[in-house]
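Could you slot chain X onto chain W? The hints should help.
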Amino acid sequence: MTRFNDALTRIAGALAIPQPARSRVLLEIAADMEDMYQACVSEGLSEDEAEQRTLEHFGPSDEALQDLVAVHSTAVKRVLDGLSEQARSRWERGLLAVLVVFAVVVGGQPLIGGRLLSGMSSFAWPILVFAAIGFLIGATRIYSLFIKKDHDTRRLRSGLNPLIVFAIVELLLGFGGAWVGLFLVVTRTLDDMERSGIYLFDWMLKSSATLCFSMIAAMLLALTWMVLVARVAAIEQAEAALLLRPRISKH
Amino acid sequence: MAKATVETQNLTRSCNELLILSALERGPKHGYELAIDIEERGAGIFGFKHGTLYPILHKLEKNKLICGAWSDEGPRGKRKSYELTDRGRRYLGDLRTSWKAFSERLLTVIERGKS
Chain W
127 MTRFNDALTR IAGALAIPQP ARSRVLLEIA ADMEDMYQAC VSEGLSEDEA
177 EQRTLEHFGP SDEALQDLVA VHSTAVKRVL DGLSEQARSR WERGLLAVLV
227 VFAVVVGGQP LIGGRLLSGM SSFAWPILVF AAIGFLIGAT RIYSLFIKKD
277 HDTRRLRSGL NPLIVFAIVE LLLGFGGAWV GLFLVVTRTL DDMERSGIYL
327 FDWMLKSSAT LCFSMIAAML LALTWMVLVA RVAAIEQAEA ALLLRPRISK
377 H
Chain X
-5 MAKATVETQN LTRSCNELLI LSALERGPKH GYELAIDIEE RGAGIFGFKH
45 GTLYPILHKL EKNKLICGAW SDEGPRGKRK SYELTDRGRR YLGDLRTSWK
95 AFSERLLTVI ERGKS
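Those protein sequences? They're chains W and X, same order as listed. Taking the numbering used here as reference, the numbering of the first sequence is continuous, increasing by one, and the terminal residue is 377. Taking the numbering used here as reference, the numbering of the second sequence is continuous, increasing by one, and the terminal residue is 109.
One chain only, chain X, in its complex shape:
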């Protein structure tokens, strides 16, 4: 399993992973639902292009952190929704801790920079 640490050299990807996993913690979602959920909860701050979702989703699925399943939704056709696995839940917990530590450290550095 990938180590749940903040990749400082690739903050955007690491942040997107955290956002997606957190959104899925609230229940299974399709790709579009995920994007909307993140945008709404982030009050527009995390408005990323929806096309960038797929590599992250598929990587998380490959690492068994999330599980994708197809369902037939009648006239809307086939849809793939994702849900968090137990492994993903543990990973999310670790990632949250790492991000909190990272944010606190970042704020400390910024404050020192000011003085």
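With the rest of the complex left out, here is chain W:
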């Protein structure tokens, strides 16, 4: 890779951060090392002296490496990094398959028939609005990544996080709606005990429809988010691989 291969390999070994961030950090350090080396040579130092001085100045300390790892690690990444590459891939594929089958089998038919929508509580509207906004964002990102192929690194991840946030909001609205509905049933029952069975049955029907819809919307949004994040990660990996292409041979 560069004349500083050994030093970079040592740094890479201590840099426990996920790709492509790891490759980028190494490339950044390698480029700056090369700059300093060239500056030293132009000052009149021999190649060996220049290399030695560069290594003295640029070899990050253990503390600096730990700080770098801390900057690039998140709680989710730490959990995922705990799994092997193979296990992660198997887990993701399995989860995707289960989500797709569940969404299609459970939600597809009633949604298409319109029975589900007609039977939902008033919480269906905010759920529908959030789902529509989420799917709109998802569609624009899918268009940009898969059709337009806009792989600008600064824009790649923009707009992805709201998808998972909306998925969580859908779930909260679904379950929140069910609880509010139950509270109203209890209030009505206290006023009119004779019709309590009707109120309860009505709540069960509406809540189950609303919950079903909110969960399907949440799963589809989460699924879209996963697909997009996987695609962005693949693009970043490819970019990092390109950046690390052999360029400078060791003298």
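Just so you know, the hints here were simulated from the structure itself, not pulled from any lab data. Ideal placement from N, C-alpha and C gives every residue a C-beta, glycine not left out. Hints should not be assumed to be uniformly reliable.
Said to hold, decoys possible - Here are a few chain X residues that face chain W, going by a calculated C-beta distance under 8 Å: (1) Lys23; (2) Gly25; (3) Gly71; (4) Arg73.
Unchecked claim - Here are the computed lysine to aspartate or glutamate pairs in the EDC-like style, where the Cα-Cα straight-line distance is at most 16 Å: (5) X/Lys43 / W/Asp193; (6) X/Lys72 / W/Asp193; (7) X/Lys43 / W/Asp174; (8) X/Lys56 / W/Asp193; (9) X/Lys23 / X/Glu34; (10) X/Lys23 / X/Glu55.
To be verified - Per label pair, the in silico range of CB-to-CB distance: (11) X/Glu77 / W/Val312: 30 to 38 Å; (12) W/Ala356 / X/Trp64: 37 to 45 Å; (13) X/Glu77 / W/Ile294: 31 to 39 Å; (14) W/Arg281 / X/Thr91: 31 to 39 Å; (15) W/Ser199 / X/Phe40: 24 to 32 Å; (16) W/Val353 / X/Glu77: 39 to 47 Å; (17) W/Val355 / X/Val103: 50 to 58 Å; (18) W/Val353 / X/Thr2: 57 to 65 Å; (19) X/Ser97 / W/Arg283: 38 to 46 Å; (20) X/Thr2 / W/Trp251: 20 to 28 Å; (21) X/Glu98 / W/Ala138: 41 to 49 Å.
What follows is chain X alone, placed relative to chain W:
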């Protein structure tokens, strides 16, 4: 956004942050250019190991105070340069004020210590 105050328990890091942000205020720079700029302007007083730059740079970038961008510089290959964001500019202003206040207070304490 992180609060722009002088961390008295970690003066070196806080000082390095200020030096880096001030250097970037004068224009976008690579890691090595940053180190040289700080060393030259500091007349050698702030000569820190270049390897310690990266955690600070990446933390500032993560906090959106600076923005890093890769550019292809032909035979020199790919280089990452950093520039100050609007948010970083505001943060730098606050940090400068904090450091000035801190320095004045420190000098006052030293003077009293003398008498």
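How the hints compare with the structure:
Interface restraint check: X/Lys23 against chain W, minimum CB-CB distance 11 Å, threshold 8 Å, status violated. Residue-level restraint check for X/Gly25 holds (minimum Cβ-Cβ distance to chain W is 4 Å; threshold 8 Å). Taken as an interface hint, X/Gly71 checks out: its beta carbon lies about 5 Å from the nearest beta carbon of chain W, inside 8 Å. Below 8 Å, beta-carbon pairs count as interface contacts, and X/Arg73 has one with chain W at about 5 Å; its hint therefore holds.
With a CA separation close to 15 Å, the supplied pair X/Lys43 and W/Asp193 stays within the 16 Å bound. For a cut-off of 16 Å, the pair hint linking X/Lys72 to W/Asp193 is broken: about 24 Å separates their Cα positions. With a C-alpha separation of about 19 Å, the suggested pair X/Lys43 and W/Asp174 falls outside the 16 Å cut-off, and the hint is violated. The straight-line distance between the Cα atoms of X/Lys56 and W/Asp193 is roughly 13 Å, inside the 16 Å bound, and the hint therefore holds.
A hinted pair counts as satisfied when its Cα atoms are at most 16 Å apart, and X/Lys23 with X/Glu34 qualifies at roughly 14 Å. Annotation: proposed proximity of X/Lys23 to X/Glu55 holds, straight-line Cα distance about 13 Å (limit 16 Å). At about 60 Å, the CB distance of X/Glu77 to W/Val312 disagrees with the hint of 30 to 38 Å. Between W/Ala356 and X/Trp64 the Cβ separation comes to about 22 Å, which falls outside the hinted range of 37 to 45 Å.
About 34 Å separates the C-beta atoms of X/Glu77 and W/Ile294, a value consistent with the hinted range of 31 to 39 Å. Between W/Arg281 and X/Thr91, the C-beta spacing of about 34 Å keeps the proposed range 31 to 39 Å intact. Taking the beta carbon of each, W/Ser199 and X/Phe40 are about 29 Å apart, inside 24 to 32 Å as hinted. About 33 Å separates the C-beta atoms of W/Val353 and X/Glu77, a value inconsistent with the hinted range of 39 to 47 Å.
A hinted range of 50 to 58 Å for the beta carbons of W/Val355 and X/Val103 is consistent with their spacing of about 52 Å. Between W/Val353 and X/Thr2 the Cβ separation comes to about 48 Å, which falls outside the hinted range of 57 to 65 Å. A C-beta distance of roughly 40 Å is found between X/Ser97 and W/Arg283, which places it inside the suggested range of 38 to 46 Å. Between X/Thr2 and W/Trp251 the Cβ separation comes to about 53 Å, which falls outside the hinted range of 20 to 28 Å.
A hinted range of 41 to 49 Å for the beta carbons of X/Glu98 and W/Ala138 is consistent with their spacing of about 45 Å.
When held up to the earlier numbered hints, the structure conflicts with 1, 6, 7, 11, 12, 16, 18 and 20 and fits the remainder.
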